[in-house]
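Residue numbers (this note's numbering), protein chains in the order written: chain A, 1096 to 1367; chain B, 4 to 316; chain C, 2 to 270.
Heads up, some of the hints might be wrong.
[Stated by the list, open to error] Below, a list of computed lysine-lysine pairs in the DSSO-like style, where the Cα atoms sit at most 30 angstroms apart:
| no. | chain 1 | residue 1 | chain 2 | residue 2 |
| --- | --- | --- | --- | --- |
| 1 | B | 130 | A | 1104 |
| 2 | B | 221 | C | 128 |
| 3 | C | 170 | C | 217 |
| 4 | C | 12 | B | 221 |
| 5 | A | 1102 | B | 130 |
| 6 | B | 139 | C | 16 |
| 7 | A | 1099 | B | 100 |
| 8 | B | 221 | A | 1327 |
| 9 | C | 33 | C | 76 |
| 10 | C | 31 | C | 88 |
| 11 | C | 80 | C | 124 |
| 12 | A | 1102 | C | 58 |
| 13 | B | 130 | C | 128 |
| 14 | C | 217 | B | 221 |
| 15 | C | 136 | C | 217 |
| 16 | C | 12 | C | 31 |
| 17 | C | 249 | C | 88 |
| 18 | B | 90 | A | 1099 |
| 19 | C | 31 | C | 106 |
| 20 | C | 106 | C | 135 |
Just so you know, these hints were derived from the structure itself, not from any lab.
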Amino acid sequence: MAAKIIKSKQAVLGLFIILIVLLTAVFAPLIATNDPQEIDPRLKFKGSEALYPLGTDQLGRCVFSRLIYGARYSLGISLPTMLVVAVLSIFLGTFSAFYGGIVDRVFSIICDIFMSFPPLLVVLSLIGALGQGIANIVIAVVFSVWVWYAKVVRSFVILEKKKGYVMAAVLSGCSDMQVIVKHIVPNILPSLIVYFSTGVAGMILMISGFSFLGLGLESGVPEWGAMLSNGKAYIYSYPNLIIYPGLFILLTAGGFNLFGEALRDIVSPKEV
Amino acid sequence: MFRYIRNRLLGLIVVLLGVTILTFVFSNISSVDPAEAYALRHILNPTPNQIAAIRTEMGMDLPLYRQYINWIGGCLQGDLGTSLITKNPVSADIAHKMPATLKVVMMAFFWVVIFTLPVSILAAVYKDSIFDNIAKFITIVGISIPNFWLGFILLVAFAVNIPLFKVVGYGDFKSLILPSLTIAIPISSMSIRLFRATILSNMNQDFVIYAQARGIPKARIIWGHVVKNSLPPMITVFCQYLGYMIAGSAIVESVFSWPGIGSHLVSAIVGRDLPTINGCVLVIAVIFTLLNLLADLLNIVINPKMLNERGEI
Amino acid sequence: METVLAVNNLKVSLKNQAPLVKNISLSIKKGKVLGIIGESGSGKTLTCKAIMQILNKRSFTVSGQILLHNTDLLKMSEKQVRTVIGKDISMIMQNPMTAFDPMMKIGRHITDTLRAHTSLTRKQAHKVGQNQLKKMNLIRVSDIMNSYPHQLSGGMLQRVMIAISLMLKPSIIIADEATTALDVKNQAIILTEFQRIRSSGVGLLVVTHDFGVIAKIADDVLVMKDGEVVESGTVYKIFHNPQEVYTKELLQARFLVDEVDHALSKESI
């Protein structure tokens, strides 16, 4: 599979973008030219110069440094959230599908109920109830999207359960746990990874959307969506304050989408 | 067929019941005491006694299940409570804000259909052509673009450079164009990709090969067989998108200062106006559920096979 | 006797890859039945599809000659091909349950086919189609015309498909595993139909993996393996004096199955 990934230009490009953003996030203190939170009203709306490569914003903060640190928030929130969603949905989806019967029926009804809420709505209402903060955003996002992933996992497992090797494993006396962990999950994992990696892109967009609305993060944090929101008052006079953060979101989400789509073509070529 | 519809409606009632319970649970895990919030907002320095009185008046001293029954009883009569901020009935506020959102969402839906059908069909029929590759690129940008940013870019482009559309404010048809496009572009990108894949997989079906073997003209095969068979999943997805767009309107409404249900919900969240939050969430979820039902019913109408297959469930 | 279809050195390959089918040559005379036999994956179906010109041109390259009444189909324009395919040369597909569009009534399949090749109005085409179904000894033909595919049985659909294939008076019919998806009773009905088709002077190319089918209707046989013809000859020669090891193996496998069947049926009595 690794060889096929290297062969696909799209996958390489996507992976390249993801790696750049990832490295930016990790080495942000080394790359940034200034403290992203440092306010100096005397320096506001500066043009680009050596110390401020992309100028400053309305509070005199270095736009470039804020963008660099923004990668930490974007990936730092979306990747762990996706991980929680992945674990939760694999766990629930697999058990529901594997045991079937009444468990599965109840699970399906619960899924139907959760799926009656558009994900964004669940997040909005949960943040409304829980109050703001990064942890609450993560909880709210997990709560809103798990069902869509769990449903996919469930349908994969149902297909897999019918295959001969699973029957063979059951007949040869493997415990349920062994069948699930050693046989079913490893076999559906490639397809799921595809699904989760495109999911990350959606999550990045979702999270930046919330901070744009002013929900979730405390003010002053250099998150891209929040930067965009702060810049919107100056849209006509200083459009750069809006254009740069948006480009960074587009690029990051685009990287995950490119990579995920290329992976899908590799894992299940029929769908193309 | 009737059995299927009956079962579907029974299922709908279960789901709606679940939706109300879930909405109720969401609002009750809040750390805010609505009575206190209300008191703080409307009385200067409320005494504990005053807060307690308000709590009794709001029915919040009752056990949870009683509160739920009261609330749902109210909902059934169209009473969603009173807004803590505007002091209006929540339902009146929603009724006041909803038309603006529906207008822009319907317009956006129109764009989605207009963009999706021709582009996805052409891209699938001429797979790997220049057109297909351009469509692929644009749609990948489309699904990666933050829609609030897209809104601003359109604003800057059309307000500063080409003053073609009325940009901010709410009113006539012209002011609808930019917000609706902002909603429609990412959604169209998703649906174009999806529809293209559906069409391509249908092109390999046996019935298409058999139609070719009977010498049916290509255009007729595409329209009469391939596209027609791709419609049922598309109807389901389109109805879902319609629900997403209503829920997602918050972000675009904020960009364009559009006085719709989405921005109403966001300001309620910021102001911790729980009755309004509950009301909006419930109304949007009910609309979403009904849209799903609509999709299923439409599918029954156009797909003869569904009658037998799903009727037996 | 007049040769209807002749294929010379047919080669089919996926773009830029080794050929999947190569050096296939065959000819079918008026009123004769040619059987192609081979395991699954031997290239039988690919050969049929290549002859019918229904392989995706973007992924497959087809070379050689496909002569229908001495005109090379491979040299025709796409438009010309379409006027021949379905009319002068028609096909019966393997799986009747999936060959019909689930969202289209049977009648519409029939009238569409007629109208693609003639200038009949929809009403006229409907009449012609009904009569054609009647000729197949089908009853309640107007009900059939008004049904959706899933409302009919596989055997019934297969007979409808045969009716469609005969409707435009073709000179050759290609049947790709036409009996495989059917039960024994329906197989017998279909084979009887094939006999009738043949006696009406239409050439028939029958592709199958079942020697029983070949024995019942074929005049000549082609044995295929891995995309190539390994042996060909009259049905008598193939059954009684096979030259190739592969053919012998195929025959033996077949008789082994028969013996087992026989033994089992005795046991159950």
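Violating hint indices (sorted, rising) | Checked against the structure, the hints that fail are numbers 7, 8, 13, 14, 17, 18 and 19, while the rest are satisfied.
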